[in-house]
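Chain G: place on chain F using the hints.
Top to bottom, those sequences are chains F and G.
In terms of the working numbering, the first sequence opens at residue 1 and continues consecutively.
In terms of the working numbering, the second sequence opens at residue 1001 and continues consecutively.
Simulated from the structure, these hints should not be mistaken for lab results.
Mixed in with the good hints, there may be bad ones.
Simulated crosslink set (DSS-like; lysine-lysine; CA at most 30 Å straight-line) [stated by the list, open to error]: (1) F:LYS150 / G:LYS1216; (2) F:LYS171 / F:LYS198; (3) G:LYS1049 / F:LYS15; (4) F:LYS150 / F:LYS15; (5) F:LYS48 / F:LYS15; (6) F:LYS72 / F:LYS171; (7) F:LYS15 / F:LYS198; (8) G:LYS1049 / G:LYS1074; (9) G:LYS1063 / G:LYS1216; (10) F:LYS15 / G:LYS1054; (11) F:LYS150 / F:LYS72; (12) F:LYS129 / G:LYS1074; (13) G:LYS1074 / G:LYS1063; (14) F:LYS188 / F:LYS150; (15) F:LYS198 / G:LYS1074; (16) F:LYS188 / F:LYS72; (17) G:LYS1074 / F:LYS72; (18) G:LYS1074 / G:LYS1054; (19) G:LYS1054 / F:LYS150; (20) F:LYS198 / F:LYS72; (21) F:LYS188 / F:LYS171; (22) F:LYS263 / F:LYS198; (23) F:LYS263 / G:LYS1074; (24) F:LYS263 / F:LYS150.
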Amino acid sequence: MASTEQLTFAIETFKRIHPVEFQRRFLSQDTRHDGRAFLQFRATHVVKGTIGTAQGSATVRIGNTTVVCGIKAEVSEPDVNTPDQGYLATNVDLSPICSANYRPGAPGDEAQIDSEHIFRLFGEVVDLKQLCIENDQAVWSLSADIVCLKSDGNVLDAAIIALMAAVEDLKLPQASLDPATGVVSADKAIETQLTLRKRLFPATFSLVDDAYLVADADDAEERLATATLLVVLDDQGRLANVWKRGAGTIDRPTIAHCIAEAKNRQNAVSSALE
Amino acid sequence: MARPDRRDPTQIRALHCVLGQLNRVDGSAQFSAGDTSVLCGVYGPVDVKLYDEKLDRAHIEVKFRPDIGVPTTKDKWVEDAVRSTFEREILGQLHPRTLVQINVQVCQGDGSVDAAAINATTLALIDAGIPLRAMVAAATCVVRSDHSIIVDPTQEEADSALSTHTFAFSNLQTNSPAYVDSRGEFSIDEYNACYDMCMAAVDRTLAFMRTAVEGKILKETQTAL
Chain F
1 MASTEQLTFA IETFKRIHPV EFQRRFLSQD TRHDGRAFLQ FRATHVVKGT IGTAQGSATV
61 RIGNTTVVCG IKAEVSEPDV NTPDQGYLAT NVDLSPICSA NYRPGAPGDE AQIDSEHIFR
121 LFGEVVDLKQ LCIENDQAVW SLSADIVCLK SDGNVLDAAI IALMAAVEDL KLPQASLDPA
181 TGVVSADKAI ETQLTLRKRL FPATFSLVDD AYLVADADDA EERLATATLL VVLDDQGRLA
241 NVWKRGAGTI DRPTIAHCIA EAKNRQNAVS SALE
Chain G
1001 MARPDRRDPT QIRALHCVLG QLNRVDGSAQ FSAGDTSVLC GVYGPVDVKL YDEKLDRAHI
1061 EVKFRPDIGV PTTKDKWVED AVRSTFEREI LGQLHPRTLV QINVQVCQGD GSVDAAAINA
1121 TTLALIDAGI PLRAMVAAAT CVVRSDHSII VDPTQEEADS ALSTHTFAFS NLQTNSPAYV
1181 DSRGEFSIDE YNACYDMCMA AVDRTLAFMR TAVEGKILKE TQTAL
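Chain F on its own, in the form it takes in the complex:
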């Protein structure tokens, strides 16, 4: 009894004080510390419509990583240069509630970069012309807030899937502009959903300790990653994004292999989004 307890205690301590060595013990034996295969993704669950007060919402769980996305729609005036287009603003919120890595206050670098990257990706998904209420006068302005509740690695994948689900869940009331008063009235009884140009399916791979390529790294593995590769596929068999950061070696055949693995992941995410 005593010896088993001592062994458990020693493992936790070892993980804390020698995180790299701890991971190496598993990775060098072709396995990961949570028992997954190198290219195995964690179980992914998507629930749509989790926020009643938002026009579109979804909660996504990838393993322990939990992300909630809520989309609020407001009426505003369109930009002078694009009078028939609405707005989609994406904001990723990484706060201390999800992990001790983040400080309270203004969005940090990671949150800003994720927000920008998701904004660029979803420019291909949502047709902003569908958000037009009255040309040059009123358009829908969508604010998508993607809040991470629990961060256990791979928040970006979860955020992309959450926004994808929330946009699919989005129901906009029928709006019309009264030309006499200039007031926009919305009829909640009639709701329209957006027709999306495409659906996106992300897959993130990390190069841990500069040698081991793993899919869907959790927090412990992510901290030791020297390079990250994000592959985003669309539902028409094309690539939407290949993003490799960090100067760790991910060579050309490996990138091709990851793109193939991303296709397998696409099936899993697709069925989760149903």
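Structure of chain G alone, referenced to chain F:
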């Protein structure tokens, strides 16, 4: 489909650089490709904030300012691109508990600005004498609406493209790109074609950089004599 400036699909714009024109920073370089011009100033190794101090290596910080307007999340994104590319190329282990600060200012933007920022940073780091593992150069390719691929696009060519691909390679390892950013709607064949085209463009850019640095050193040694 002819290009507005009559270039071949594989032809990059005329490259130009000036090293060491800023006298307050430790090193600087202005890198231009056609009408795109980016200035980079580097401080390092210098004092680091206690919060950022790393015990075993230098802390790398990048600040990117656009040509027009205040910095936004778009520019934060480019900062991350430059920082993640150079984090390992800079031999930070030689200068632990210090800061290497890279300041990039876009003077003129006409497409392929991200690639120009990476190129300017390499030259500025060399000018500052900061130890590097390798030289890194970047190039951008776009796939046009007729699915033809062109290298080093101008802003006009990039705006109407189906997908944009920026690759950075070091002069030591060409089988593994230092940085990849491919966005839009593309097939894996188009991705591979852009990879090859960018690699060829990067080779030429690295050769240009080498000539520029050699020229600068030659001038310095000659004036010393």
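The hints, checked one at a time:
1. F:LYS150 / G:LYS1216: Violated - the C-alpha atoms of G:LYS1216 and F:LYS150 are around 52 Å apart, more than 30 Å.
2. F:LYS171 / F:LYS198: This hinted pair holds, its Cα atoms lying about 18 Å apart.
3. G:LYS1049 / F:LYS15: Holds. G:LYS1049 to F:LYS15 sits at ~29 Å (cutoff 30 Å).
4. F:LYS150 / F:LYS15: holds (20 Å)
5. F:LYS48 / F:LYS15: Between F:LYS48 and F:LYS15 the Cα gap is close to 36 Å, so the pair fails against 30 Å, i.e. violated.
6. F:LYS72 / F:LYS171: Holds - the C-alpha atoms of F:LYS171 and F:LYS72 are around 10 Å apart, at most 30 Å.
7. F:LYS15 / F:LYS198: violated (42 Å)
8. G:LYS1049 / G:LYS1074: holds (25 Å)
9. G:LYS1063 / G:LYS1216: Between G:LYS1063 and G:LYS1216 the Cα gap is close to 26 Å, so the pair holds against 30 Å.
10. F:LYS15 / G:LYS1054: holds (21 Å)
11. F:LYS150 / F:LYS72: holds (22 Å)
12. F:LYS129 / G:LYS1074: Judged against 30 Å, a Cα distance of about 23 Å means the pair holds.
13. G:LYS1074 / G:LYS1063: The hint holds at about 12 Å.
14. F:LYS188 / F:LYS150: violated (34 Å)
15. F:LYS198 / G:LYS1074: holds (23 Å)
16. F:LYS188 / F:LYS72: Within the cut-off at roughly 14 Å; holds.
17. G:LYS1074 / F:LYS72: holds (23 Å)
18. G:LYS1074 / G:LYS1054: holds (27 Å)
19. G:LYS1054 / F:LYS150: With a Cα-Cα distance of about 27 Å, the restraint between G:LYS1054 and F:LYS150 holds, given a limit of 30 Å.
20. F:LYS198 / F:LYS72: OK: F:LYS198 and F:LYS72 at ~21 Å, within 30 Å.
21. F:LYS188 / F:LYS171: holds (10 Å)
22. F:LYS263 / F:LYS198: Given that 30 Å is the threshold and the Cα spacing comes to 15 Å, the pair holds.
23. F:LYS263 / G:LYS1074: holds (29 Å)
24. F:LYS263 / F:LYS150: The given pair, whose Cα atoms are some 26 Å apart, holds under the 30 Å limit.
When each numbered hint is compared with the structure, violations occur for hints 1, 5, 7, 14.
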